[in-house]
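K.L.:
Going down the list, the sequences are from chains P and V. The numbering of the first sequence is this note's numbering, which starts it at 1 and goes up by one. The numbering of the second sequence is this note's numbering, which starts it at 1 and goes up by one.
Calculated directly from the structure, the hints in this document are not laboratory data. Any given hint could turn out to be false.
Covered, in the sense of this in silico footprint (three residues per stretch, anywhere, with C-beta under 8 angstroms from a C-beta of chain V), are these stretches of chain P [as the list claims (entries may be wrong)]:
1. 83-94
2. 110-120
3. 147-156
4. 163-169
5. 223-233
Facing chain P, according to a computed beta carbon distance under 10 angstroms, are these residues of chain V, among others [as the list claims (entries may be wrong)]:
6. VAL6
7. GLU42
8. LEU43
9. SER45
10. ARG46
11. PHE133
12. GLY134
13. ARG179
14. THR182
15. GLN183
16. HIS192
17. HIS195
18. PRO201
19. PRO285
20. VAL475
Using N, Cα and C, we set each Cβ at its ideal position, and we do this for glycine too.
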Amino acid sequence: MNGGGMLSRLAESLYWIGRYVERADDTARIVDAYVHRVVEDPFNDDNATCRSLFAILGIEVGEEEEGPLTISSVLDRLVFDAQNPSSIAGALAAAHENARRAREAISSEMWVCLNATRNDLPRRQSLAGTIGPATYLQFVRERAALFNGLADATISRDDGWQFLVLGRSLERIDMTARLLEGRLVAAEHSPDWLTLLRASGAMESFLRASSGLAQPAEIASFLLLDRLFPRSAYHALSVADGCLDRLTPGTTRTGITDHAKRTIGAARNRLEFADPDRLVEELPDVLDFLERACAVANDEVTTRYFRQVAPVLWEAEVQP
Amino acid sequence: MEHLFVDAPSTGAWDEVFAAPGVVRPLYRDVVDVLQRFDVTELRSRFDQLARTFTDRGVTFALGGEERPFPLDLIPRLISAVEWEALAAGIRQRVRALEAFLDDVYREGRVFDDGVVPRALITTSPHYRREAFGITAHHAARITVSGIDVIRDEAGAFRVLEDNVRIPSGVSYVIENRRAMTQSFAGLFADHRVHPVDEYPARLLAALRRSAPEGVTDPTVVVLTPGVHNAAYFEHVLLARMMGVELVEGRDLTTVSNKVMMRTTQGERPVHVIYRRVDDEWLDPLQFRPDSVLGCAGLVNAARAKTVTIANAIGNGVADDKLVYTYVPDLIRYYLSEAPLLDNVETHRLEDPEVLAEVRAHLEDYVVKPVDGSGGKGIVIGPQADQATLAELDAAICADPRGFIAQRPVALSTLPTYVGSKIAPRHVDLRPFAVNDGQDVWVLSGGLTRVALPEGALVVNSSQGGGSKDTWVLVDEGEPAPLPKPETSIDRTITPQVGPDVARQRGPHVNAGADQ
């Protein structure tokens, strides 16, 4: 810590800004890839695809929605619903709200970016109503990239930066794990592996990295284990690990005192030394493990940095 | 909104959408229904949206040194499953025959000995490459990629207008058109089941890998481009990107003892398959034009030594010479013992003095084309030409009868096309793309529909003011999905996404108390 750390309240805001912006970005990529599949593949079962998309994001589809789901129900709930922080509009609203409370901890340019994004959303939504969701989703990805670029270019690499990047990385791991989970939960309905690559923004990088044709095992190991691709789970874990290192520097002679670091480091090691050839059969285990690691790390970071409460020491009243 | 559609002046052309004025063919009912719900402003804004998508993505071609977006029309072209299957079968047949022909020409020449085509036909072709004689690659097709241009005649039947088996371009527009259309017209797709087109790069890559020299199990495939100034550079980039292979220029390549290498930061790396988008004559300065800097010296020898496969093969131009075109139905019968499934357009060979005299007497009734032209260059459409042009043409065909063919002018079929603020019929053709992996010929379901935008124009090339349309091959009712999905699901649920714990009242969260 560069002499005294920072306010816990601000740290928590920055962490959640990182998470929500990443969530909006990732959701936009996933929805775009799914819409693309539904529109382009004449053999696709639209209802099942939409259900698998809800399943990925952990949203229960109620009994009353037994009927066939369509892309427009997906768009309503996962894109435009500002009340639901799992939707794109909701995540951007939440990022904005957190930024509003931490304006002094981020640069003006970052604040303007989030604020202008939120202000422009209604117009973008009505535009999407006439010409389709593609431009809306592209707008969201571009704004997320702009935000990340501004953060990269305009703020110091102090603890605040570490929390921002930590939030972004944990969310990224979580989303990658969810995407692959979607493949397990409803394999016969979920889109093909190439759609998963597209949904992770990994299509072109994957094609350049792999020589031949796309096999499931290759794609799964690219999304989980690749050392160079910034959206792979391994890469994001390494970044998160680095953030935690810098937040609590110095090692003790034995063990790790930071529980979050222990969890993230263990997950990183598990992926680093996983056998790519056996990855597909071990996939359920690996994903469970990742998902748990994200949840535990989130709780540990919250407890350690945002909620630490020193016991109040009572003293006798000072007499005038 | 009927008024948006302008009726065609009767030219005898086949109207693909309207069976008669106001009577929509069943295939197009849903499309016309949707379009009629739009008013002029909405059409305009969607058209602008498409154009913007293309400009942003850099979907352009170079015309006279200027980068322009390739105009994509709003209204798709539909082809039914049954009709497509018949057309695709015809394309496959034609490609197989041309493949056999090229193999024969560059090896035994049986076709000459048997008197099917005169040997002079080949030896006088400017695209015959003696240098390629005897080169055969392991497993490889000579025509890995082909684009057979077809049109619908006045009766609605598909006919072949020309064969392109050298370096046909345009498939990138097929892919980008579909992308732009699904983004801007998602609603229209909901009413139709359309075959996707995005598997093309994977098919091409598989064919290229299969054509690798014997013994190479994990071949390095590259796309060879003439460079950023080429009109089709955009396409070269797209294919390389979607196949995940290197896009190389001639200067990136070198040959070392008959092996082709590319220069990398880690030293020279062998190259096994070159999908080249450089013309024969620029490919190898040792064999062809010595002033070429676009190719790589020693390429032809490397191919002869079978260390590298060049696709498409060198010298394919003899097969798409327009005079050879007139023999293709004979070639199909000769090599395949099959009756041709697709007809040619009626074409006259001018080498016969009687035919020449007949054509010269009625030049205004013919379309005359140079045999080795491409991009619509040098075509004279008799009925639309002025006297000066016809006189010039007359002199040209007298001087070089081998250099031209004469065809009956076919009124290409029309499709309603958005022009200005209305929808009016414009002439179209179709270029389906076929990939031959040496074993099977696969035809991409779709293809490039090119449209001549000026009213009445019959030349559809992009260099002549052409645009394009997304081409939808519909899925037959009951057609099974091509790939079974064998994986089974397991019983799992995924947990909801987390947010800051609002119950604890402290941290920042979404629904914070009202401001004062």
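K.L.:
Take the hints in turn and mark each one as holding or not.
P.N.:
Quick rundown of the hints versus the structure:
Using a Cβ-Cβ cut-off of 8 angstroms, 5 residues of the region 83-94 of chain P lie near chain V, which meets the minimum of three, so the contact claim holds. For the region 110-120 of chain P, the stated coverage by chain V is violated: 0 residues have a C-beta nearer than 8 angstroms to a C-beta of that chain, whereas at least 3 were required. Chain V is given as covering the region 147-156 of chain P, and this is violated because 0 residues of the stretch bring a CB closer than 8 angstroms to a CB of that chain, at least three being needed. Evaluation of the coverage hint for the region 163-169 of chain P: breached, as 0 residues show C-beta separations to chain V shorter than 8 angstroms, against a requirement of three.
With a threshold of 8 angstroms between beta carbons, the proposed coverage of the region 223-233 of chain P by chain V is violated, since 0 of its residues qualify and at least three are required. A hinted interface residue such as VAL6/V counts as satisfied when its beta carbon comes closer than 10 angstroms to some beta carbon of chain P; here the least separation is about 25 angstroms, so the hint is violated. Hint status for GLU42/V relative to chain P: holds, with the closest Cβ pair at about 8 angstroms, below 10 angstroms. The interface hint given for LEU43/V is violated, since its Cβ lies 12 angstroms from the closest Cβ of chain P, which is over the 10 angstroms cut-off.
With 10 angstroms as the threshold, the beta carbon of SER45/V comes within range of chain P, its nearest partner Cβ sitting at about 7 angstroms, so the hint holds. Interface hint status for ARG46/V: upheld, as the beta-carbon distance to the closest one in chain P is roughly 7 angstroms, under 10 angstroms. The beta carbon of PHE133/V is not positioned within 10 angstroms of any beta carbon in chain P (closest approach about 33 angstroms), and the interface hint is therefore violated. The interface hint given for GLY134/V is violated, since its Cβ lies 31 angstroms from the closest Cβ of chain P, which is over the 10 angstroms cut-off.
Of the supplied interface hints, the one on ARG179/V holds, with its beta-carbon coming within about 8 angstroms of a beta-carbon of chain P, less than 10 angstroms. The beta carbon of THR182/V comes within 5 angstroms of a beta carbon in chain P, closer than 10 angstroms, and the hint placing it at the interface holds. The beta carbon of GLN183/V comes within 4 angstroms of a beta carbon in chain P, closer than 10 angstroms, and the hint placing it at the interface holds. The beta carbon of HIS192/V comes within 8 angstroms of a beta carbon in chain P, closer than 10 angstroms, and the hint placing it at the interface holds.
Because the closest C-beta pair between HIS195/V and chain P is about 6 angstroms apart, less than 10 angstroms, the hint holds. About 9 angstroms separates the beta-carbon of PRO201/V from the nearest beta-carbon of chain P, less than 10 angstroms, and the hint is met. Interface restraint check for PRO285/V: the shortest CB-CB distance to chain P comes to about 30 angstroms, outside 10 angstroms, so the restraint is violated. Using the Cβ-Cβ criterion of 10 angstroms, the hint placing VAL475/V at the interface with chain P is satisfied: the shortest such distance is roughly 4 angstroms.
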